[in-house]
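Protein chains: 4
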Amino acid sequence: MSHRSGRHFLQIPGPSPVPDRVLRAISAQTIDHRGPDFAEVGKKALQGMKSIFKTSQNVVIYPASGTGAWEAALVNVLSEGDHVLMYETGHFATLWKKMAAKLGLKAEFIEGDWRGGADPDAIETRLRADKAHEIKAVCVVHNETSTGSVSPIAEMRRALDAAGHPALLMVDSISGLGSIDFRFDEWGVDVCVSGSQKGLMLPPGLSFNAVSERAYDYSKTAGSRRSYWDWQEMVEINRGGYFPYTPATNLLFGLNEAIGLLHAEGLDNVFARHQRHAAATRAAVQQWGLENLCTRQGQESGVLTAVLMPEGHSADAFRAVALQHYDISLGSGLSKVADKVFRIGHLGDFNDLALAATLSGVELALRKAKVPHQPGGVEAALAMLENTQFGQTAAA
Amino acid sequence: MSHRSGRHFLQIPGPSPVPDRVLRAISAQTIDHRGPDFAEVGKKALQGMKSIFKTSQNVVIYPASGTGAWEAALVNVLSEGDHVLMYETGHFATLWKKMAAKLGLKAEFIEGDWRGGADPDAIETRLRADKAHEIKAVCVVHNETSTGSVSPIAEMRRALDAAGHPALLMVDSISGLGSIDFRFDEWGVDVCVSGSQKGLMLPPGLSFNAVSERAYDYSKTAGSRRSYWDWQEMVEINRGGYFPYTPATNLLFGLNEAIGLLHAEGLDNVFARHQRHAAATRAAVQQWGLENLCTRQGQESGVLTAVLMPEGHSADAFRAVALQHYDISLGSGLSKVADKVFRIGHLGDFNDLALAATLSGVELALRKAKVPHQPGGVEAALAMLENTQFGQTAAA
Amino acid sequence: MSHRSGRHFLQIPGPSPVPDRVLRAISAQTIDHRGPDFAEVGKKALQGMKSIFKTSQNVVIYPASGTGAWEAALVNVLSEGDHVLMYETGHFATLWKKMAAKLGLKAEFIEGDWRGGADPDAIETRLRADKAHEIKAVCVVHNETSTGSVSPIAEMRRALDAAGHPALLMVDSISGLGSIDFRFDEWGVDVCVSGSQKGLMLPPGLSFNAVSERAYDYSKTAGSRRSYWDWQEMVEINRGGYFPYTPATNLLFGLNEAIGLLHAEGLDNVFARHQRHAAATRAAVQQWGLENLCTRQGQESGVLTAVLMPEGHSADAFRAVALQHYDISLGSGLSKVADKVFRIGHLGDFNDLALAATLSGVELALRKAKVPHQPGGVEAALAMLENTQFGQTAAA
Amino acid sequence: MSHRSGRHFLQIPGPSPVPDRVLRAISAQTIDHRGPDFAEVGKKALQGMKSIFKTSQNVVIYPASGTGAWEAALVNVLSEGDHVLMYETGHFATLWKKMAAKLGLKAEFIEGDWRGGADPDAIETRLRADKAHEIKAVCVVHNETSTGSVSPIAEMRRALDAAGHPALLMVDSISGLGSIDFRFDEWGVDVCVSGSQKGLMLPPGLSFNAVSERAYDYSKTAGSRRSYWDWQEMVEINRGGYFPYTPATNLLFGLNEAIGLLHAEGLDNVFARHQRHAAATRAAVQQWGLENLCTRQGQESGVLTAVLMPEGHSADAFRAVALQHYDISLGSGLSKVADKVFRIGHLGDFNDLALAATLSGVELALRKAKVPHQPGGVEAALAMLENTQFGQTAAA
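Chains as they are written, first to last, in full-length UniProt numbering: chain F, 1 to 396; chain G, 1 to 396; chain R, 1 to 396; chain L, 1 to 396.
One should not assume that every hint holds.
Have a look at the derived ranges for each label pair, beta carbon to beta carbon [what the hints assert, rightly or not]:
1. F/320 to L/162: 46 to 56 Å
2. R/121 to L/232: 45 to 55 Å
3. L/221 to R/185: 42 to 52 Å
4. G/372 to R/37: 30 to 40 Å
5. L/186 to R/106: 39 to 49 Å
6. F/374 to L/154: 52 to 62 Å
7. F/269 to R/217: 44 to 54 Å
8. R/4 to F/221: 25 to 35 Å
Quick caveat, the hints were computed from the structure, so don't treat them as lab data.
Every value quoted in this text rests on a predicted model; they were computed, and no experiment measured them.
Built from N, CA and C at the ideal position, the CB exists for glycine as well.
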């Protein structure tokens, strides 16, 4: 047995650290998923997820990763050859598009520079051009985990409406939900995809679809061949609190605990906390003289901050130094920005001092790895935290 | 908070009770699934599952229920319109067939009476008739969880070989693996489907495909549109101990612990234990004057025993009595045998005294529910256990 | 790693099996025992223990075994040379007397035969003879863990009152509290000693004194030299929810959970459950043709049953067989009855089927060890359980 | 349920944060403390503690707080009226002296200023003056938890030897053991007292005596009336791995895990880590312009740093701000220095980034509470950590 003293800092943009209470909830003995006690667990989880999505419509819970819920969203409403409009916010948008293509959809990409969220004007323009309404769905990533940029989802709905286009609005909020503001009903989203291991503070293994009545009705007659991901049977059987196949019981125990924690803190407080920590992180990045990958002001993510390495320095070598010397896991750059950025996760079960530790880890590793930078990043972050209450949002 | 004193007896045929050590393993803090520590976890899990499947070929682990692994098995090698031969051993064989149909396959069923395993002769006969080799796969349930019958898988291979038929042999051992003898390589299975919550003693949420080289090669060019379930990317990335999408990290911690427990006991001892407890259960059933659903001698399951209720008595009412009065969960009859049988799970993390408790629960509930029966079932089971060592198999 | 499948049956008369919820509560992160959150924990524990002792007077919680609380009870009110009257109910009464002697007290024993509780008439007679009131305290074991006999504590108070004797009434209810009826205030007890690992369903490591105002006042001027065990500082500092020295924080977390479980079941239901299981156990013992160590009717313990081995058979050899073959721990005979009795614990977090398992373990081990007995003990116990509801007391 | 996001920082000088692995070990089901499996646990714990104390002599483990082990040390070798020489290093030395007095000993105090460890010269001088060898024991606190000063224990032995005095050398290393260098045998200590909740990284509830053969022999004929604390029966029964009364089983599970962690890291690495973090903490304190309570160079504790508040500022008000706003618990000043110092714990399961978080918490709270200070303390600490490897000691 080897052992490193102290707690590992898991500061990737998900999985995020799981609160002890949630881990304990998960370690309760498994129960009969067809018995009366389970129905309470199931109903509570489904109802709880509605409160997190802010929807009174449908929520589906899969024993699967977020990738599975992506597939579920696509196959329930889209059929081979269907045209979907997607927006290249970064790596995960690209993966979702690849999946769409693999599933036989005609996936059109509005190219992006990976430095901001999706552009509603570009989408509106494209939709206006689609007089024949061939585009069946618009797919946007809410919080692009690879870049730390947020797409303005309410604006997407306005773009669709302005264009008078009937396409479904499908949103990936795998890493946004539970950390940054999301309002399924109010924003007119048709399908939202999410996962357990980010703002929901669970281990990976559960994923979600929120489904509008319109999308649900659509799925009755449309969609690809599917079985595991099929909404109909799920929604039907969920009414009683049960599932059509064996659910991931223990993760559901944890989900109910985690939803309780989110509401105990208050969703608005949760969102404000993430914004505040993101702002403090950006203050540190600026002081270091490094560059934030996200350049679109107001679209910086509350969940993570992706930082560009100075030319000629390997982000992965830097991350390895951070892990080896300071026992902190940072996120890697993915595909286009591989080895060029590292990502700091500041989501989930997190607080001011954990942020101070995280930024100290980055700063120490910058020194250790001899990455050119100005010192004082931690100091700058502390200064930003200084005048705000714990649990309150920064003044500006 | 309401509370019933003492431990609940979860004696359904899965999920089976999770050992405390496995629950504790699952409650360890989640780690970075892209970091170096994870690679060790991943490799250990994949290698460990090979030892359980008894294969040196490929194993795929999904963050999904067993139902997902069913779908994975089908979509990786079969395309819309492909002909598959399935055997009606019971409810789960029927569900798998329904799934095949839903996925666009031409699923042919050899009808069965739900009272025994699949018949290799019937399969051989059908295959011989298929001169054109239109049947792409033969799908058989190893341990039919709805009936407590076991299909002779080695015989299936012999049937295919005798018929000189090239169809793939696909086996569902969701509830068999880790409880009753299974030998992927030796028996010439092409695809085996399994799940975490039965003999593997985990909570639900992981499922598995074991894949022969032949099936794997086949999948490169064949199969349905798929993404989440696709073997290729999985197997490729698994080589390094990683996964193409976020794995269910904490369940993998538990899987490694559970595999360790199985090997610590010894797989042969595990199998013998299940046989011994099944035999003792049948002795009790016989003494009660009740009928075992499985009538094919030698095909009775080591995992569970399905018991027919006397005419005019509701199995579900009986199970409700057992749950309410004796805090024991028994399995329900499914579809054709709904309300007609109850199922006693004697699988997983189990021992002689837990069996005594289980059978006592059944006997007490028979009395309480006024189900006609002869007393002395527990006594008969104890007598059968008497002359055999703990951890040893019954003399026969 | 070696591994025996299934759950061990810990059927000694304490430590009793700890409910999973309590184990999880204990595994919460330790907190600052001087911080505001701790005060809530401390107050809840102290208040909770008052509800279990049924007292509105004082409760003291020690980070110590029950043996420590024995010492605490003695040294707070008795000084070197003080005369105490004790009653030989069994091994633990004898140990307590030895401790008293070791601490310099003049400990007088009313001899007993270890086959029943303390006799109030004998005590009254002795007290009447003590005209000078030299006896400072009467010490009685409520539930004698070595024999399975219960002393009638309310009768002890009546004996003191009838004799008009001012001695303090000190009671050891280490193994009785939380399992069988105990009423500190109503029964006029002055000091009661208890421990965590029996009816309170915790791991060992906490022990308790309930202290009447009279005993507390007495301790201000009387008692032996003491520091760790001193009530005064404890009670004083406890008012704020804190402790004079570091408390066993995590066990207190568990204590609060366990008290919650007891009240959720209802103390009267808890007591009735123990009586019912004790009655069923005695039915089994009788059927086996074995002898209960306790012969005084109405004084048989609800906590445990001590069973005499047939002449010429070693109880310890029998227990070793039970442990080796059936993974059940039974209690050994102690001192006078060493190797002559084995003890069946049926206390704490327990239910009907766990009792069936326990008695099945005894019966199987009797056979395996070739101990002469009549079969059918389990059957007899089931018959006794049959007509009573789970969670209800036996009709007689 | 209220909830604060993120992990609480428990930076008092004990209890220290308990590693998750230890918490999980503690949450294993309780076992029979008289059964064969327990003997392995007991032997491992006793042997393990010898390796931590660095002794081949005797170790005694109590289910008790450290305060209990203090009492045990005194009562086993000292009798009413015995003369003991103690040294006023701070609050805990004073409490130990009060206890000695309460137990009837004639406790003589060499006064100290609470700003350094015990002075061996003063002790030697006093011992030389004791021609009649009336002093039976010299009692010194190794790591004074109230002040953050370390007494040079090897020097104490040299002082006794130089004075040719036969007194026993008794050392309190409750908060030192497992964090800073301690060598029972090499340093010629006769009795050492320790506890579980500091360097041993356990919850409170276990405490220890290491006992030299000389002290053990002494205790056979000397000492006060005692029972619970008596070494003789303990050491005797411990030989088989068992205990004379019920041990705190689950804490022993945790102890074995914790000892394993300490050895996995390597005791020398553990000590170096504590020194390095203490040095970095002092660098921060110096930068803030605050004063370390310990002024004796070379005697600053690796376990904690006690910081003097500027005149006119309340340490307790400051600590309340730190707790409320930054969710960090700091230690309070005790008795003489109440409200004048706060204490930063940097012991146990700790690492560089946790230190950065801790010092950030202090710095943020200094600002928030408007305590006059120079900024840049965290920065200064990071600079000190910069040139040293994780897990290595500072260059000096």
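The hints, checked one at a time:
1. F/320 to L/162: 46 to 56 Å: Holds: the Cβ-Cβ distance is about 54 Å, inside 46 to 56 Å.
2. R/121 to L/232: 45 to 55 Å: 39 Å, violated
3. L/221 to R/185: 42 to 52 Å: Hint holds: Cβ distance 45 Å, inside 42 to 52 Å.
4. G/372 to R/37: 30 to 40 Å: Given a distance of about 59 Å, which is not inside 30 to 40 Å, the answer is violated.
5. L/186 to R/106: 39 to 49 Å: 46 Å, holds
6. F/374 to L/154: 52 to 62 Å: This hint is violated: roughly 47 Å between Cβ atoms.
7. F/269 to R/217: 44 to 54 Å: Because 51 Å falls inside the window, the suggested range holds.
8. R/4 to F/221: 25 to 35 Å: 56 Å, violated
Comparing the model with each earlier hint shows violations of hints 2, 4, 6 and 8; every other hint is respected.
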